[in-house]
Each structure stands twice: as C-alpha cells, then as structure tokens.
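Asker: Keeping the supplied structure of chain A fixed, place chain B upon it in accordance with the hints.
Number of protein chains: 2
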Amino acid sequence: MKTGQALEQALARGRARWEEYGGSRYLRLTDDFQGSPKGAVSWHGRLIAGYPHIGRIFRLEQGLAQQFSGPFWVEEKIDGFNVRIFRSGDRLVALTRGGYVCPFATDRVAEFLDRALFEAEPDLIVCAELAGPDNPYTQGGPSFVPEDVALFVFDLMRIDRPGFLPEAEKYALCERFGLPMARSFGRFAAAEWERVRDLVAELDAEGREGIVLKEEAPGTHRTKYVTGWSGVYDIAVRAADTVELPGDFFTGRILRLVLYLDEAGRTSDAALERDLGRAFLSGLVESVERFKRDGRVSHDFCCRFRRRENALAFMDHLRGILGHTHVVQTGLTEEGGLWVLRFAKEVPKLTGLLHQLFRGAAVVD
Amino acid sequence: MKTGQALEQALARGRARWEEYGGSRYLRLTDDFQGSPKGAVSWHGRLIAGYPHIGRIFRLEQGLAQQFSGPFWVEEKIDGFNVRIFRSGDRLVALTRGGYVCPFATDRVAEFLDRALFEAEPDLIVCAELAGPDNPYTQGGPSFVPEDVALFVFDLMRIDRPGFLPEAEKYALCERFGLPMARSFGRFAAAEWERVRDLVAELDAEGREGIVLKEEAPGTHRTKYVTGWSGVYDIAVRAADTVELPGDFFTGRILRLVLYLDEAGRTSDAALERDLGRAFLSGLVESVERFKRDGRVSHDFCCRFRRRENALAFMDHLRGILGHTHVVQTGLTEEGGLWVLRFAKEVPKLTGLLHQLFRGAAVVD
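Here the protein sequences come in this chain order: A and B.
Position one of the first sequence corresponds to residue 1 (this note's numbering), numbered consecutively onward.
Position one of the second sequence corresponds to residue 1 (this note's numbering), numbered consecutively onward.
Among the hints, a few may not be true.
Computed footprint of chain B on chain A, listed as stretches where at least three residues anywhere in the stretch have a Cβ under 8 Å from a Cβ of chain B [stated by the list, open to error]:
hint, segment
1, 22–30
2, 63–74
3, 156–162
4, 280–287
Cross-link-like lysine-lysine pairs, in silico, BS3-like; alpha carbons within 30 Å at most [as the list claims (entries may be wrong)]:
hint, chain 1, residue 1, chain 2, residue 2
5, A, K292, A, K38
6, A, K349, B, K224
7, B, K349, A, K224
8, B, K292, A, K224
9, A, K349, B, K292
What the hints contain is simulated information worked out from the structure, not anything from laboratory work.
Glycine included, C-beta positions come from ideal geometry on N, C-alpha and C.
Next comes chain A alone, as it looks inside the complex (with noise of 0.2 Å):
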C-alpha cells in the first residue's frame, strides 16, 4: 500500500471507514490489510502509513540472534500513546495508533516541534510517543514526566511512502531541529546480549519501561523487551479495572517477570513479592471503595488544551469511541493560559459485575 488511493480496495473490502475532523474528511484502515498495519489513513488523497506492530522478546540471548542478523539500535521505550505527527495545509495533525485524528495531541504537539522541521520537510510523518500523567488516555506514565505530557520522537517516516527514514537519517534530522527524542543507548550486535541485558538492568532499577530494537539495515524490522519492573507497574496500574481487561493480560505480566528475573540471574525476594501483591490489590480495593460510594467504578483525567474547541473535541471523540453514558466531563476551566478539562471514564465490565455481586448474584464458574 503506497498511496491514499489503495485504501479505497480496503473501503471496499469493509476494512477501512470515513472519518471527519475538523471538516477534513479522511479514510481510516480499520483492519491490518495487504500487509499494512490498521490506522493507515487517506488525507486527501495522500497516505500516512499505520504504524506497525512490534514483536516482544522475552529472551534477550536468543531473541537478539534470532531477530537480528545485523547490527540494531537501541532505544528507551516510552510508556505513553503512539501518535504519528504530519503537516496539513498550514497546521499539524496528529492521528492516534488506530488512525484517528487525536483532539488532544493535535492540540499540543505544536509546542514540541519546531515548525522549520515541517517547512524544510514538508512530507515527513514524525512517529512520537506522548506521554505523561495528564494523557487523556491511561492512567500513569513515565516518572520522569512528574506532570502534564512530553513527546518522545522514536521514528520518521514520508507521507505516501512505506517503510522509515534509516536512523542515521533520523538522528541528523532529529538533532538538526532540535526534536525530543526518546533516549539512544547506541548500536549492538546480537552477541552483546549481555552488554544489552546490563542496559535493561539499570532501565529496571530506575523504573523504566524497557527499549525497542531497530535492524539498521533494512532498516524496517523492530521488536521490543521490557524491565521486569515494568511488569508490576502495568498490573498496578491496570489492576483496579480486572474484568475489564483479559485475564491473560496480567498472566502474560507475571511470565515476563519470571523469565525477566531468570535471565537477569536475579532470585525473587520479599520486597518483590510485595510490590507484585500490592499492584494487585490495590487498585482494585480502591475500585470497590469508589463502587459503593459512587454506585460505579470511574477513573478521574485530567488534560490540558491550547484551544477550548480541542477540548470539546476530545470529549465528543471519547464519547464517539466509548458510548456517551460512559464519559462525564467533571470540569473545563482556564488555568495559567490553556484550558483543563476533567472527565471520568466508566469502568463498565467491572462496574455490572459488582452490580449484580452486590445484589448477592450467585455466578457458576
């Protein structure tokens, strides 16, 4: 797929759908289709190409030899929602991992990138994770972004062509403008593992999420491991809406962490089976609590806006996505220049359970 046309055979398939913002009209890939990954988009005609799936390692000694047969890069993994940044006419779009045009991002990333990039570049799609505590999407986010949201440029790409710029490329263009980077930790061959199993070591006692590994020549295949910290963190984090999420989310976690703990050569101890105890429960017991005071389970956003009618925006996409009964917006109000706005989103799985649990149902299991 190299075109914004060939998104019409998919239109035709019913693997991709009309979507609209801000007047634009636009063709969203909803499914993976040919080989290109869903959230491709048409922009009038012109392709903006999904970003692809990433494969998980969970061996760095065999997994780097059998992913690569040259040298990799290595970078930070982010913990935050994928976006892919281009120019429209005279402003900045940003679209959302599935292909939708993102209020919220759209709204912000201008502050992040210095304009000469698009007006030097003007095909470039810049691929950035946004993340921070004040995302409208997830709950927590990086430690080191201790508010609001920061973007993290990972990869480039070019409007109606497949496939990124190589990272040399990248890395000129990205210090050239001055662009936010997701930190680089350098070039490996597969028979470093070690040297790449001590990086990931200190990414786990500081609390970080784990890095991507990019093939430098062709330049296209990428995979990814992650900290056994991480590990613990999503459960913590994801843990208060259980039901809500496939069990085999947090099972897959906990397989993670073993086998992270075995090839790092670490044993389990007390604080860890704590911490891992504690990210269970936790969250939920606060769910129940929030249950019986508000008769649901919600969790509480909070973001930032530039301009009042992105905000609005972003309510009426949620609501689009989600349903309207599952989204309150609690507050808009103007603070120190940009615009705050609060909303709640529904746990709605976890909230009919306790429901029907709380009525004293019997469920056969």
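Answerer: Just chain B now, kept in the frame of chain A:
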C-alpha cells in the same frame, strides 16, 4: 431426566457418549441436557444423576438474603475432587464429576464406607469429596489431610431419582453408618449473615477453603462462599501453569479476595500482599527451572491403589483424556500393602510457549 433411558435421547443428539470400564459399558452425558447437569450416567439402564453446578456468592449480607428465603444448612467446603459412589452388583463404583468411572476412586472408596450402608440402602448414591495431597488430579489439598487421601461425604442421592435426600435424612444415615462427613456448622437464616461471616473468618484464619450452603426445603438449592485465604491458595497452586489456564482464573480469585476483605472489614496488609505476590511467582519460577532442566514443564503425582490393575487402568484413563504424550508413568511399586503409582503430567501449552520464547521468538501482543 428420571431414568437411564432418558440418556439415550441425549445420545441421539450427540450430548452423550458410550464409555467402558472393567467390562461394563455405560452412557455418559457430556453436556448439560434438558436441565440435567453433565456427568450423569446411565449404568445398565439406571440413572446416576449428575452433580449440579453450584453458584458462588461474593457477598454474604446480600447473597444469603437473595439465595435463601428459608433456613439453610452450612457445611465446610472441602478442596478435593467430587465423586459419586454407588453399588453395582457386589462392588462399589465411583464416578468423577464429568461422569467417568475413576479407577483410583473406585479402588479406594470402599475403605471409607461401611459395606452395611449399601446392604441397607442398595440404591444410594454417596456424593463426596476425595481430598488429600496424594490424589491423581490436582496438586495440593486441604492441610488437615496430611498424606494420601480422605473421603468427606456431603450429599446423598438415590439411583433413578432426581434431587438430594433431605438434610435430616442425610445426617441420620451418615450417623447410623458412621460415614465420614464434611463438617456441618448447623442451620442458619439469612438474617444471621454476621454469624456466618464470623464462622468463615475462623475458617480463613485456619487456612480452609470455605462453606457450602444448602436450602433446607425443598432441599435442592445450594450456593458456596469461600475464604480470602482460598483465593491466594488457588493462585499458589495453579500459578505454575499460568498460560495453561484462562487468565480469568487468576483475576477472578483476586476479585473474590478483595470482596472478602471488604465484607470482613479487613484491609490488606504487608503479609497478605507478600503471600499473594509469592503465590504468583514461586510456582512459575519452578516451572521455568523445570523447563530449563527437562525441556518440558510437568507436575509429579503420586497415589496409592489396593489393586495393581486399577493403577494400570487409571494410567490408561488419564492417557485417554490428556493424550499419550502428556502423561509419563515414573513408578509403580508395592509399599506397605498398597501399590504406589507415580507419574508426571505435562503442562503442554506452557511447555510449547516456553519452547518458542527460549528459541528467541518475538510475540505480538
């Protein structure tokens, strides 16, 4: 479904199957059918009804009121495997919950039951839990059965008649013939839910599983409720298999634990958190060690038989259910008048996944 003949209708609809044990052919209900729970058996044309599914409540206060309009009996729930025992000619036969003749239970149950019982009551079906560390189906078992297995009777039925004997009649027969019973805590009403809660708190402190509650009249409705301890215990026993089970097995138990603590007026503490974290980690760490040593994950079982041919029949039974390659007999020796069978049961999905991961595969999740 009131007679064995009714199972032939199920056979015609593909919901029953012919099985064979020791020269006897019998018809086994493989799915719930017309209100009869699966596991019902037609034995020489006579119906051994299936043991019904029992729903679980998560809240005593609302659950007891919702489930019982009149008085109910409370008994201890035993963590073993469910058998139905009946007389066929001059021998006893024990069926598993699924309706297979179990060569292990069939070999052993006579030790626990007075033969005079079936002389006096030839059409009786004894519903009981066979529990202990040396059972061939599940790892672990109740702490009060330190070795081998023990039998705990909890219900009586009659051949060709649906439903259970009334509790009073059950207690009278058990007493008269000295049958080993699951502990009874007496008769309660829903308004006494705090007494029930305190009783369960004692069981929790003793590391026991929970209770089964049985309506006094008309005598068929049952429900169950478990201790917080049992959730942690189940996780500790089954975490060694993780991916073998649906992840919801684990998250369901966390939810039970959290709701248990809430109703018991308890908060989580460091000891519980650590127990829970260790429950998740220690079995899986052991499974990974075993995989690295043996190239597969498996569990060792040991159980005792009076007759050698029953041990061999049991191995055949297990190979038939699990597949030949997943069961390995590791010993069959006479010790102190009993035949001690040792075997290993493979955990195939976890074995397969670890093979893949240790080869360095990348998994897209």
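Asker: Tell me if chain B covers the segment 63–74 of chain A under the three-residue, 8 Å CB rule, please?
Answerer: Holds: 5 residues of the segment 63–74 of chain A have a Cβ under 8 Å from chain B.
Asker: Are 3 or more residues of the segment 280–287 of chain A near chain B, judged by a Cβ distance of less than 8 Å?
Answerer: Coverage by chain B holds for the segment 280–287 of chain A (5 residues, Cβ < 8 Å).
Asker: If you draw a straight line from the CA of K349(A) to the CA of K224(B), is it 30 Å or shorter?
Answerer: holds (23 Å)
Asker: Using C-beta distances, would you say chain B covers the segment 156–162 of chain A, given that this needs three or more residues below 8 Å?
Answerer: violated (count 0)
Asker: Please verify whether K292(B) and K224(A) have alpha carbons no more than 30 Å apart.
Answerer: Cα-Cα ~23 Å, so holds.
Asker: Can you take a look at whether the segment 22–30 of chain A is actually covered by chain B? Rule is 3+ residues, C-beta closer than 8 Å.
Answerer: Coverage by chain B is violated for the segment 22–30 of chain A (0 residues, Cβ < 8 Å).
Asker: Regarding the pair K349(B) and K224(A), is the alpha-carbon distance no greater than 30 Å?
Answerer: holds (23 Å)
Asker: Does K292(A) pair with K38(A) here, judged by a C-alpha cut-off of 30 Å?
Answerer: Distance ~40 Å between K292(A) and K38(A) Cα, so the pair is violated.
Asker: For the pair supplied as a hint, K349(A) and K292(B), is the alpha-carbon distance within the 30 Å limit?
Answerer: Distance ~39 Å between K349(A) and K292(B) Cα, so the pair is violated.
In this structure, the hints that do not hold are numbers 1, 3, 5, 9, in rising order.
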